[in-house]
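Student: Sequence:
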Amino acid sequence: MSTNGLEVFDKTLHTTNTWLKEIMEVLGPDRHVAWHALGAVLRAVRDRIPLELSAHLSAELPLLVRGLFYDQWRPAMAPERYRSLDEFLQHVDSNLRSTRPVDPEDATRAVFTVLTRHLPEGQLEKVRHALPEDVRAIWPERASLGDRTRVELEIDRNRLAREA
Numbered sequence: 038m039s040t041n042g043l044e045v046f047d048k049t050l051h052t053t054n055t056w057l058k059e060i061m062e063v064l065g066p067d068r069h070v071a072w073h074a075l076g077a078v079l080r081a082v083r084d085r086i087p088l089e090l091s092a093h094l095s096a097e098l099p100l101l102v103r104g105l106f107y108d109q110w111r112p113a114m115a116p117e118r119y120r121s122l123d124e125f126l127q128h129v130d131s132n133l134r135s136t137r138p139v140d141p142e143d144a145t146r147a148v149f150t151v152l153t154r155h156l157p158e159g160q161l162e163k164v165r166h167a168l169p170e171d172v173r174a175i176w177p178e179r180a181s182l183g184d185r186t187r188v189e190l191e192i193d194r195n196r197l198a199r200e201a
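Using this note's numbering, the letters of the sequence shown correspond one by one to residues 38 to 201.
Hints were generated in silico from the structure; no laboratory data involved.
Quick caveat, the model's predicted, so the values are computed rather than measured.
Beta carbons: idealized from backbone N, C-alpha and C, even for Gly.
Certain hints may be false.
Beta-carbon label-pair distances, calculated as ranges [claimed, not checked]:
| # | residue 1 | residue 2 | range |
| --- | --- | --- | --- |
| 1 | Lys163 | Pro138 | 18 to 24 Å |
| 2 | Asp108 | Lys48 | 17 to 23 Å |
| 3 | Gly65 | Arg154 | 28 to 34 Å |
| 4 | Ala115 | Gly42 | 38 to 44 Å |
| 5 | Pro116 | Gly42 | 34 to 40 Å |
| 6 | Glu89 | Asp123 | 24 to 30 Å |
Taking lysine to aspartate or glutamate and the DMTMM-like style, the derived pairs with C-alpha atoms no more than 20 Å apart in a straight line are [unchecked claim]:
| # | residue 1 | residue 2 |
| --- | --- | --- |
| 7 | Lys163 | Glu117 |
| 8 | Lys58 | Glu142 |
| 9 | Lys163 | Asp84 |
| 10 | Lys58 | Glu117 |
| 11 | Lys163 | Glu97 |
| 12 | Lys163 | Asp140 |
Whenever a hint applies, use it, and build me the whole structure from the sequences.
Tutor: Below you can see the structure in the form of structure tokens.
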């Protein structure tokens, strides 16, 4: 029996909550921050990749997350040309301003990890290859996700290196 009247709503709520919990494991126990991080990173990816690839990626997202993906989208605009990780992270950061301070690289790594865990590898490979090389470098391969703490340790190491 459906809690919300339609099974599709129950499924998208369950899946979205799973994704948010995984993001919160990295960014802290704030659902609002996790939701905004998910949207900020998805929109930065969406705005960088070709239109057709955006449509294919969105088709793989849970229904609720798909709405977040398309929020503020202007399909007539040509894809952005972020040429570096720094430019990509600036775009993510500009979409995180309505939350408590969050490191945009940590947010990006957390969302990339969730996408790698839950979306088809073939689709993600196409998306990865449409991004600059240094952005691809922080997007984990599925094989590297066997140990969840490895991603968290890498984020901690990167944070310490930036602070040094």
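Student: Look at each hint and say if it fits the structure.
Tutor: Evaluation of the provided hints:
| no. | hint | result |
| --- | --- | --- |
| 1 | Lys163 - Pro138: 18 to 24 Å | violated (33 Å) |
| 2 | Asp108 - Lys48: 17 to 23 Å | holds (21 Å) |
| 3 | Gly65 - Arg154: 28 to 34 Å | violated (19 Å) |
| 4 | Ala115 - Gly42: 38 to 44 Å | holds (41 Å) |
| 5 | Pro116 - Gly42: 34 to 40 Å | holds (38 Å) |
| 6 | Glu89 - Asp123: 24 to 30 Å | holds (27 Å) |
| 7 | Lys163 - Glu117 | holds (17 Å) |
| 8 | Lys58 - Glu142 | holds (18 Å) |
| 9 | Lys163 - Asp84 | holds (15 Å) |
| 10 | Lys58 - Glu117 | violated (30 Å) |
| 11 | Lys163 - Glu97 | holds (13 Å) |
| 12 | Lys163 - Asp140 | violated (26 Å) |
The structure fails hints 1, 3, 10, 12 (numbered hints given earlier, in ascending order).
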